[in-house]
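S.K.: What follows is each chain in one-letter form.
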Amino acid sequence: MRKFLAIVLLLILAVGIAQSIGKIPFGTSKTKVGRYYIDNGVEETGATNIVTSVVVNYRGFDTLGEVTVLFVAALGLGAVLALKKKKQENDELERASLVLTSGCKFLFPFILLFGSYIFIHGHLTPGGGFQGGAVIASAFLLIYLGCRERKINENGAKAIESLSGLLFVVIGLIGLAVGGYFLLNYLPKGIPNTLFSAGIIPIIYIAIGFKVGAELTGIIDNLMEAED
Amino acid sequence: MILVVILIVLMLVAAVAAAIFKDLLSAVIASCIVSLIAAILFYFLQAPDVAMAEASIGAALVTAVFVIALKKSSRYEE
Amino acid sequence: MTFLVDHIYYIGCFGLILIGMYIILAKSNLIKVIIGLSILDTGVNLLLIAIGYINGGTAPIFSRPGIEANGMVDPVPQALVLTAIVIGVAVLALALSLAIRLYRHYGTLNLRKIKGQKW
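Protein sequences appear in the order of chains B, P and L. Quick note on the working numbering: the first sequence kicks off at 6 and runs consecutively. Quick note on the working numbering: the second sequence kicks off at 303 and runs consecutively. Quick note on the working numbering: the third sequence kicks off at 34 and runs consecutively.
Hint data in this document are derived by calculation from the structure and do not stem from the laboratory. Do not take every clue at face value.
Straight line, CA to CA, 20 Å or less: simulated DMTMM-like cross-link-like pairs of lysine to aspartate or glutamate [as the list claims (entries may be wrong)]:
#1 K373/P <-> E71/B
#2 K156/B <-> E48/B
#3 K37/B <-> D39/L
#4 K28/B <-> E101/L
#5 K37/B <-> E230/B
#6 K146/L <-> E380/P
#7 K8/B <-> E380/P
#8 K156/B <-> E71/B
#9 K374/P <-> E154/B
#10 K194/B <-> E99/B
#11 K374/P <-> E232/B
#12 K374/P <-> E49/B
#13 K324/P <-> E379/P
#14 K35/B <-> D325/P
#15 K373/P <-> D44/B
#16 K163/B <-> E49/B
#17 K374/P <-> E48/B
#18 K163/B <-> D226/B
#19 K373/P <-> E49/B
#20 K35/B <-> E101/L
#21 K156/B <-> D44/B
#22 K146/L <-> D325/P
#23 K194/B <-> E71/B
#24 K374/P <-> E99/B
#25 K324/P <-> E380/P
#26 K146/L <-> E379/P
#27 K373/P <-> E48/B
#28 K35/B <-> D39/L
#29 K373/P <-> D226/B
#30 K37/B <-> E48/B
Which stretches of chain P does chain L cover? Using the computed rule of at least three CB atoms under 8 Å from a CB of chain L, they are [stated by the list, open to error]:
#31 320-327
#32 333-347
Remember, predicted model here, so these are calculated numbers, not experimental data. Cβ atoms here follow ideal geometry from the backbone N, Cα and C, with glycine treated the same way.
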């Protein structure tokens with residue numbers, strides 16, 4: 006009965022979605038605002054990656070909201086799962102084999118380096134704070150899977166997360182004080198296609214990278230530490 | 303073009319497999335394949351930023367989170 | 034036939050959305066429902082990016098001088114989807130933590146067996 010109802014509902018939905026998707030032509034230029042960003046983005050923001058300039062500069066306030074949603078979700082996960090932490094002293098964890106442990110320890114700094122490269126060069130090449138933060142979190146995930154006896158410093162992760170969120174807001178507020186609106190790009194824009202260019206965009210993306218990395222690591226940490 | 307068609311057919315097959323499997327671990331791996339092929343399609347659609355995000359988050363972190371949650375609860379669908 | 038091949042991305046997104054929706058509606062296991070949510074999420078993201086594509090376009094990055102601005106694909110959907118993916122993993126983890134709490138409390142993940150959830 007339930008499956009029959011679901012299939013009837015899906016058929017109605019399928020007709021509706023197909024009618025609306027069928028009217029959209031594939032492969033043609035559709036919006037004027039994207040064209041404006043492409044034509045004027047490099048002069049106005051100094052970043053050669055237009056997606057970065059849209060995420061951090063044109064729609065920076067939106068990104069601040071998204072980061073806040075991420076923060077609230079991580080906080081809610083901690084609140085839902087937080088009971089008493091189980092004590093690891095009496096139940097011995099089975100140690101992983103030497104190959105796995107040393108392989109994880111060997112790969113860990115390189116993955117961290119790659120993640121930092123991605124978010125430092127976010128305004129020049131594909132990548133940025135969100136992707137770099139995810140790569141850093143996957144490095145910590147590797148440590149969690151390979152070397153179970155290692156623990157990250159939770160207070161340190163929380164401090165990094167709060168400080169980088171604060172940095173984002175403070176940079177925006179300085180813009181409000183200097184030029185009249187939030188997240189104004191007040192630093193010199195420099196020459197495009199060089200590392201020190203695009204004003205506040207690299208600084209904000211580095212802050213986002215640290216924040217996303219710390220938050221995703223905290224999510225994995227909370228899930229792993231929850232009792233069975 | 304033929305490569306894109308093959309990839310999309312594979313993606314839909316993996317999604318159907320995720321719906322059918324009774325073993326939830328297999329279903330999670332099938333949804334990981336969906337994410338991975340979606341990342342390749344993002345690259346073909348000239349969106350390298352999104353492809354990076356989808357490959358590192360959709361294929362790695364989401365799968366890890368699901369597997370940890372399966373370990374804390376039950377593996378088989380009743 | 035050429036219509037189908039031209040719109041192959043739309044067909045893929047359409048299929049993903051419908052399969053995800055079917056899992057959410059018809060399955061009773063909570064983790065299966067969350068898997069359906071993630072598939073639905075991927076389908077919607079792919080649809081947004083496919084709408085922003087331009088035939089023969091290049092990525093919106095001026096990585097070397099002399100790239101034509103005319104053929105670049107639309108950067109706005111890419112920026113939206115980029116943040117949506119990251120929000121998606123956090124929301125998914127929150128949903129899974131709720132599922133873990135439910136399992137700890139009721140001992141089952143079947144929604145029909147959980148008291149007060151009789152649909």
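S.K.: Determine for every hint whether it applies to the structure shown.
M.R.: Hint check:
1. K373/P <-> E71/B: Status violated; Cα separation ~30 Å.
2. K156/B <-> E48/B: Violated, at about 46 Å.
3. K37/B <-> D39/L: Given that 20 Å is the threshold and the Cα spacing comes to 24 Å, the pair is violated.
4. K28/B <-> E101/L: Roughly 29 Å between the alpha carbons, so the hint for K28/B and E101/L is violated.
5. K37/B <-> E230/B: Measuring from Cα to Cα gives roughly 49 Å; hence the hint is violated.
6. K146/L <-> E380/P: 10 Å, holds
7. K8/B <-> E380/P: Measuring from Cα to Cα gives roughly 16 Å; hence the hint holds.
8. K156/B <-> E71/B: 29 Å, violated
9. K374/P <-> E154/B: 19 Å, holds
10. K194/B <-> E99/B: 54 Å, violated
11. K374/P <-> E232/B: The given pair, whose Cα atoms are some 8 Å apart, holds under the 20 Å limit.
12. K374/P <-> E49/B: Not OK: K374/P and E49/B at ~50 Å, beyond 20 Å, violated.
13. K324/P <-> E379/P: Holds, at roughly 5 Å.
14. K35/B <-> D325/P: Violated, at about 44 Å.
15. K373/P <-> D44/B: 51 Å, violated
16. K163/B <-> E49/B: Violated, at about 35 Å.
17. K374/P <-> E48/B: 52 Å, violated
18. K163/B <-> D226/B: Holds, at roughly 12 Å.
19. K373/P <-> E49/B: It is violated: about 50 Å lies between the C-alpha atoms, which goes past 20 Å.
20. K35/B <-> E101/L: Since the Cα atoms of K35/B and E101/L sit roughly 18 Å apart, the hinted pair holds (cutoff 20 Å).
21. K156/B <-> D44/B: At roughly 48 Å apart (the allowed maximum being 20 Å), D44/B and K156/B break the hint.
22. K146/L <-> D325/P: 19 Å, holds
23. K194/B <-> E71/B: Measuring from Cα to Cα gives roughly 26 Å; hence the hint is violated.
24. K374/P <-> E99/B: 18 Å, holds
25. K324/P <-> E380/P: At roughly 8 Å apart (the allowed maximum being 20 Å), E380/P and K324/P satisfy the hint.
26. K146/L <-> E379/P: With Cα atoms ~13 Å apart, K146/L and E379/P stay inside 20 Å; holds.
27. K373/P <-> E48/B: Violated: K373/P and E48/B sit about 52 Å apart, past 20 Å.
28. K35/B <-> D39/L: 17 Å, holds
29. K373/P <-> D226/B: Holds, at roughly 14 Å.
30. K37/B <-> E48/B: This hinted pair holds, its Cα atoms lying about 18 Å apart.
31. 320-327: Since 3 is at least three, the answer is holds.
32. 333-347: holds (count 7)
Of the numbered hints listed earlier, those contradicted by the structure are 1, 2, 3, 4, 5, 8, 10, 12, 14, 15, 16, 17, 19, 21, 23, 27.
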